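Protein chains: 4
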Amino acid sequence: MSGNTFGKLFSVTTFGESHGPAIGCVIDGCPPGMALTEADIQADLDRRKPGTSRHVTQRQEPDRVEILSGVYQGVTTGTPIALLIRNEDQRSKDYGNIAESFRPGHADYTYWHKYGVRDPRGGGRSSARLTAPVVGAGAVARKWLREQYGTEFLGCMRALGDIDVPFDGWEHVHANPFFAATGDAALLARMEDAMDQLRRDGDSIGARIDVIARGVPVGWGQPIYDKLDADIAYAMMGINAVKGVEIGAGFASVAQRGSEHGDELTQEGFVGNHAGGVLGGISTGQDITVSLAIKPTSSIRVPRRSIDKEGNPALVETFGRHDPCVGIRATPIAEAMLALVLIDHALMHRAQCGDVKVATPRLT
Amino acid sequence: MSGNTFGKLFSVTTFGESHGPAIGCVIDGCPPGMALTEADIQADLDRRKPGTSRHVTQRQEPDRVEILSGVYQGVTTGTPIALLIRNEDQRSKDYGNIAESFRPGHADYTYWHKYGVRDPRGGGRSSARLTAPVVGAGAVARKWLREQYGTEFLGCMRALGDIDVPFDGWEHVHANPFFAATGDAALLARMEDAMDQLRRDGDSIGARIDVIARGVPVGWGQPIYDKLDADIAYAMMGINAVKGVEIGAGFASVAQRGSEHGDELTQEGFVGNHAGGVLGGISTGQDITVSLAIKPTSSIRVPRRSIDKEGNPALVETFGRHDPCVGIRATPIAEAMLALVLIDHALMHRAQCGDVKVATPRLT
Amino acid sequence: MSGNTFGKLFSVTTFGESHGPAIGCVIDGCPPGMALTEADIQADLDRRKPGTSRHVTQRQEPDRVEILSGVYQGVTTGTPIALLIRNEDQRSKDYGNIAESFRPGHADYTYWHKYGVRDPRGGGRSSARLTAPVVGAGAVARKWLREQYGTEFLGCMRALGDIDVPFDGWEHVHANPFFAATGDAALLARMEDAMDQLRRDGDSIGARIDVIARGVPVGWGQPIYDKLDADIAYAMMGINAVKGVEIGAGFASVAQRGSEHGDELTQEGFVGNHAGGVLGGISTGQDITVSLAIKPTSSIRVPRRSIDKEGNPALVETFGRHDPCVGIRATPIAEAMLALVLIDHALMHRAQCGDVKVATPRLT
Amino acid sequence: MSGNTFGKLFSVTTFGESHGPAIGCVIDGCPPGMALTEADIQADLDRRKPGTSRHVTQRQEPDRVEILSGVYQGVTTGTPIALLIRNEDQRSKDYGNIAESFRPGHADYTYWHKYGVRDPRGGGRSSARLTAPVVGAGAVARKWLREQYGTEFLGCMRALGDIDVPFDGWEHVHANPFFAATGDAALLARMEDAMDQLRRDGDSIGARIDVIARGVPVGWGQPIYDKLDADIAYAMMGINAVKGVEIGAGFASVAQRGSEHGDELTQEGFVGNHAGGVLGGISTGQDITVSLAIKPTSSIRVPRRSIDKEGNPALVETFGRHDPCVGIRATPIAEAMLALVLIDHALMHRAQCGDVKVATPRLT
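Chains as they are written, first to last, in my numbering: chain A, 139 to 502; chain B, 139 to 502; chain C, 139 to 502; chain D, 139 to 502.
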């Protein structure tokens, strides 16, 4: 209820701050009987972790996960699965000067006013570091959905600042440091150059990310409020730095006519997917397609005007280690969040309508 | 839990179908001691109701609300407020031919596959008619927020299909049938012409809507999952036909640099609002600014390919009464949903941090 | 969240006050595909309704239920089922003198201090009249559980004040006005005499009620907090006037030894049921057995000392129509509440562990 | 939702098994600004921990708590507080023979049938060891309630098997190993003897515990379902081995008349407390009084009949270390649970009605 639990039937409660002793989560509601080891989780954490290229924060965190409960002899028991990740490379001194003033674009100002107290080290609770436990929980969800329904989650970068990135195929995503679905070497070099220039400028840039779920049975979602797309929007807008979410045709649907937008059906299935795999809040069996706008990182070296706690003017420069484009590491996070939304709806559907595995209709 | 309740502390549970005997909702959690009459609610319902101009559905529904509980001698008692609206102009025969096949772009296909049974009359539960109780509940929320904090909600249309609509001032919004914030007579005439042509074509069009909350204290929202912007995205994406949601700079933030996007602070307050009034999931005290993409209405007269329940090809033409642009009536709905999100966070903040009414900082 | 919704997956949100225009509820989460008519619900309401004998309140309420939604062509659709019951025999004048002072044993004092405002007519929201919608919702739950699992709910009175009532067989329960499971005519006459004397005295008396669920599969319930017995205790203690709840051996287990209490298992099943059908919070497949203590009705004609809103001494006599023993009508209510607990756990179990209908083991 | 979270606004999610690497919890919703150290929590854990006398289990667990998050510079920040307790004295071999058969009176049978898999070491998730994190979370709740409202929680044993224990004053509770509120040396010696005999017999015994909350403001609780007493019953019945719960007069109210039971009011306050401090589900400002029946420990050395997983007859003797009367250590657990219920209602009341600290009326 107080904003640190995600999901209703597959509930993930996270804890921790960027520079505290540890971060982690408790997963309540994972079905029993699934094989699960730390290695299953570590692989996804490694895709998200800092320090994997020169384009992301150089904080060195192995993000090694420990399963504290809920697994017996390598099998989930249906009881809570606690995941623990110790923080190892906290350098709180890097953040010394931001304890007293509010970084523009950051949660400093709002946390201070809300709570009257805040942990300023590395952004405390508002740090993107807190997406690590989510990725861990997402790995558990993905494994279950894959085994039960064959559902897969895929994400890629579609724009790095003003550089649009084409979609040339999922096979490219892990062959470059940007999760770009392209093998266009010239474009990738341009992206690297842009990032290098940004670092020299001490500035940051936004990004656009696409994420999809494939192999989703028809029928997941709720009628009015916990619509599948509403819950996806909630999940995505909740990721640090996200400022916009689209499902299917998204904002392009504004200029479409009904005769163009509404996906026709034939005996072979839907003939298009402007809907993004969701109609009336319920999955159609097609790919769920989502697009995210991610703002530029707020922690930058460019000096910026602000005020301190007493309201006096202050100039803020953020040193320390940061991602010049938080959008890069957002791809595995968005995949994890989408998985968490879907497993919750999978379980809810099973509660309401029984365990009938509806045949996925043929898709376009 | 099963998707028909909105909100946690100010919970609105709706019921009803488009052509059933009645629609309505139960509001649980309205604070005691507020003056409330049916007239307070009716005003907002009248802004949403059908038949107010030739550009919206001609279904004649007075949408007269009856308060069944929770108010004693004109004052809320803290117990559930039930609102009842009888359906009066159901013409189920208009929909006869859609009971057996699935309208493209509609929830018919997904409801059928999810539940194995559906009420096809007027879209049943998936009808936009079910936004009426939400607008009613929103009126209660708006009254309380206005009286307690001076919070106001305003919305307007910013695009009708490919016609962009400028923002010239809130005073124009109720002087035209589109909720357009402009007095540009030529533009309004062009919009009327476009709508008339659409009706002749039997087709529909999308829209973009902006909605803001003004007078929101700093400090509302939760740290990680129930972020204020995440809950807003959830609320907005849950409105019928919405396919995209932006907060603040939205998708434009992709191409921005951090030195441009992050709103600086001076002693006079924030010098911009790219954040849309939310940082780290918590309100800044500035206007909350939201933008929505609304797809074109799926019910159109243009014949479209589909299949029936047995999977045989079918041609679907939707007769009956429809909005050629559901985006028009979406404005009061989006305002109501934003109010419902904010009252929930207002109450949650009060639970967590006490009833301190934080002075709203000076705003840009 | 604000205390007017019961259940998580089969959620019942009630509304209304004793003397307002109507009472009712919204059931969210009823599985689709079940045949349901108002007659299915009315039968249970009739068992609870006032005026059925001279021993209960003489308020004349037909308690006629109207289904407003969620049922199409006689079949549940999976969407919310709203039940409406109009109040017809409100005589608010009967309660005139209690608007200003607090009836001993009543919620008057606490509602006033909590909310600063209250509806005093007939106890307003705190009236036992509000159990009618619960019984209605319970009828829906019972029908589903009976059809899916063969689960049945049975209740009877075991003590009327200091008169202990033996259990001679369920067949007697509906052959007397007390829900007593006995055909002992002398005892029943003694009970009638006691009630008649009470009415002459203007006083009231407590009761003890037993309620069981039969045909519950093994495996329903949660491990630590939403234990089946914990949720049953919550449900039962929430019924008006209940002051004690026992599961299985209840308070008798205090003086038992482990070698006596712990029910042994043989190939024929459990050899006893001190556990009351629940071990570790999860159903064993045996009868769930529950016992309730119900306090004497607080509204009595005997003058009692109290204070008024200003704190001045006041003498309170409650006229109007009351049950001299609220325990009588508590039997069908307790059955309904037990059904609501069980359907919630049935659905939750299905979410977690799939739709395997575990064979009920042979029972004692 | 899956049964491992207690509370809505002050939510405690526990994790861990008796013989896994660690147990712990995440507290979400603790208000910011309260001083908190591990020592504040350790004191309560020490009252509950095993091995404090020869009458409880001899498992040696220091139950040392580590705060992993939510506290910065010794002050709560409003973000989740994670508590970690490493298990140190697991001797799983002690339980070897119970992995294949079901101990009478234990959760073995039901967990196995529910999940199809279970952690048998020390009862796994169903072990009373899992009350340690609850006591930890309760310590945080108690501190906040004490500082904000002066609320205190007190508990004592009232019966050890068939030995009734009088209440002679709270000062005695910590001067004996039973939490008995008596200084009667002869009685205490009799209790010690009874326990010694039980250990020799390899058997166990039940207990009755009273627990109260003192200094509760008037007005906490909800009207219909989340009644304060309903939530207390839920909390108490959820404690391992509890089979009965009473509020106020409890089962004695069955034989009372309304003219006796209903507590009159004078200008000095209530003249009795049969209600147990709750009327209509809302606190009266008097002491909240609760009584619990605790069954005899199921793990005993006396051989008992059972079956194994294949349904074959088996004789079960439980070796290892056990509490011959789990009721002894239940006292601090019941206090903690009561504190968790009350803080949740305190926060909920603040959400609904603002932060008015209602003056506690003069009490009897």
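Derived by calculation from the structure, the hints in this document are not laboratory data. Keep in mind the model is a prediction, meaning the values are calculated, not measured. Heads up, the beta-carbon is just placed ideally off N, CA and C, and yes, glycines get one too. Hints may be right or wrong, so weigh each one.
As the list claims (entries may be wrong) - Cβ-to-Cβ under 8 Å is the rule here; a few derived chain C residues that face chain A:
1) P169
2) A173
3) A177
4) Q180
Unchecked claim - Taking lysine to aspartate or glutamate pairs in the EDC-like style, the calculated list, with each CA pair at most 20 Å apart, reads:
5) A:K447 x B:E406
6) C:K447 x D:E402
7) D:K447 x D:E238
Check your understanding: Which numbered hints are broken by the structure, listed smallest first?
Key -> As far as the earlier hints go, 2, 3 and 4 are violated by this structure, in ascending order.
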